[in-house]
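K.L.:
For reference, the chains in residue letters:
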Amino acid sequence: MENPPVMLFRDVVKVYPLPAGDVIALDGVSFQVDRGEFISVMGPSGSGKSTLLNLMGCLDTPTTGDIFISGTRIGDMSDTELTSLRRDRIGFIFQYFNLFPLLNIIENVTFPMMLKTGRGVDPERGKEVLRAVQLDDKLFTHTPTELSGGQQQRVAVARALINNPDILLCDEPTGNLDSKTGDGIMDLMSELNRKGTTIIMVTHDAHIAEYSRRTIRIADGRIVS
Amino acid sequence: MIFWEIAKRNVRIHLLRSFLAMLGIVIGVVAISTMGILGNSMVLSVSDSLRTVGDSVIVTPHAGGGGMGFGSGTTSFTISEQEFQQIKRVSAPNVAIPVLRTSERMKLGVGSEEIVALVYGLDPDDVPLMLNLVEGDYSRGNSGCLVGATFAKDNNVRVGSRISLGKDGEKGTLRVTGIIEERGMAFDVSTDSAVVATRDWFDGTYNRDDYDQVVVKVKNLDEIADVKTAIEKQLNRRETIVDVMDTRKTMETIFEAFGQITTFVSAIGGISMIVAGVSILNIMMMSVTERIKEIGIMRSIGAQRREVMSMFLYEAAILGILGAIIGGVMSFVGGYAISSLMLQTTKYFFVPSSLIQIVYGMAFGIVVCLICGIYPAWRAANLNPIDALRHE
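In order, the protein sequence lines correspond to chains A and B. Following the numbering used here, the residues of the first sequence are numbered contiguously, the last one being 225. Following the numbering used here, the residues of the second sequence are numbered contiguously, the last one being 1392.
Quick caveat, the hints were computed from the structure, so don't treat them as lab data. Quick caveat: nothing in here was measured; it's all calculated off a predicted structure. Keep in mind that a hint or two might mislead.
[What the hints assert, rightly or not] Okay, derived cross-link-like pairs now, SDA-like style, lysine to any residue, Cα gap no bigger than 20 Å in a straight line:
hint, chain 1, residue 1, chain 2, residue 2
1, B, Lys1008, A, Thr72
2, B, Lys1293, A, Asn104
3, B, Lys1293, A, Tyr96
4, B, Lys1008, A, Leu102
5, A, Lys116, A, Thr72
6, B, Lys1293, A, Thr72
7, B, Lys1217, B, Arg1089
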């Protein structure tokens, strides 16, 4: 494959074995995400959305079927390999921001970079991504709790971008923000996408999903449209 | 390294909790170190006072009734001349020294208080083999005597002083010709607080023809056990009539016993360290539990298991190292205080074998902390990232 899709799901099945009987969370899911796309994944709770998110984020591996991230099959990777893949290829954005309270903003942002290089804070690179998410320079040495929700989510976006990932994976990125701040974050997402970042966003908010250019709908473990 | 930084900050924001856990380690280090120092100082101080080199075989009359005491009609609590000759023969060419001993009341000068002290009777030829003088000369004549250093000091006795022995001086008067060097605790003769007269004077005064003890000075130390065995074989063939003590063996036994005591008290210190370790384990588990979500975030954005593990091990190491340093300083101060209060001297404290006890204590503290940090750190590292992320 010359220019592989950033993400490829082929007949992915995920079964959770439980004492009361196996639960089929995903039942033969196939789709492809090309570079530069902005996709939203929608579905009611219990539809397999979270399972799909975990698989897309390489936090889990499928029971059967194949998942490729930029051409690399994740099916039989070790924990160490999967962790490195998450660190280098995927940028996570969570609903509850999930910054580290013990670290200041610049340390939070460069955390994945420090994991990758094994070195200390690179303030130049940190400031660069913080400017890309339109955050005020004065906030860089503050701790996360001193920031508003919108600001914290911008820091989280900056952290997700620091290692130049192939995919930005967002889990309800505006779910914990008021609509005005949420729109601000979504404008930022659109802006990042225009500059070439591939974004996959899991949400149940139809208004937010409108920012994306393609929507995958999922129900009962299958893609419905 | 960022994980070291996080560990440091985590210790700092939970300062009280960290301090209390550290306190356990401090106490453990102090307990082990001071016990070790005390034990070591005791061994050193005892070996100093047991100045006698282990070069003697001491033969004393068998005193133990041996349970069934009946029928042992020959038991007299002295060694007869005949028995002495046997000892002398089997221990040759080593010198066998007969010792006579009694306690006697005496007065030092007119009008002074009557005191009671040990009086030895030794052959003038044998005296220089066992005793060194600090003042005066060995007495040859039967009216002369030697006195121990402590005796001389306590009773203000000098060379030339006269000692009148027995009730109202009925046992005669001896003139002090020399003062014996301090010998400390000795197995053969304890002369520090005693008077040493000649054997002839003793025989004449107390009408004796037997001995209380025989000391064999062994020239070649390798033969000491053989001499002991030879004497036992010769004299105790039919029944036990003498007890034979090999001073070298006895000293070894004493040091062995001290070593065991030191080990035992240090082990008690070790128990306090284990208790401290449990409290470290406890707070580390707490630290992991309250940070499950954070661990989940770290893992999902790319922190490896070993990195998460290292973060918690750093935390345990910080507690251990700080606790050990504080404990080490306190042990130094405490060891010094114990030495000067209990042993009245610090000369046994400022020696490598005592000071190394502090190093042992500190090392043990750090090791205990790390061991107790391993399980919580392992737990943290092996959390499922998905479950940890969902944890509230």
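K.L.:
May I ask which of the numbered hints given earlier this structure violates, with the numbers listed in increasing order?
P.N.:
1 and 6
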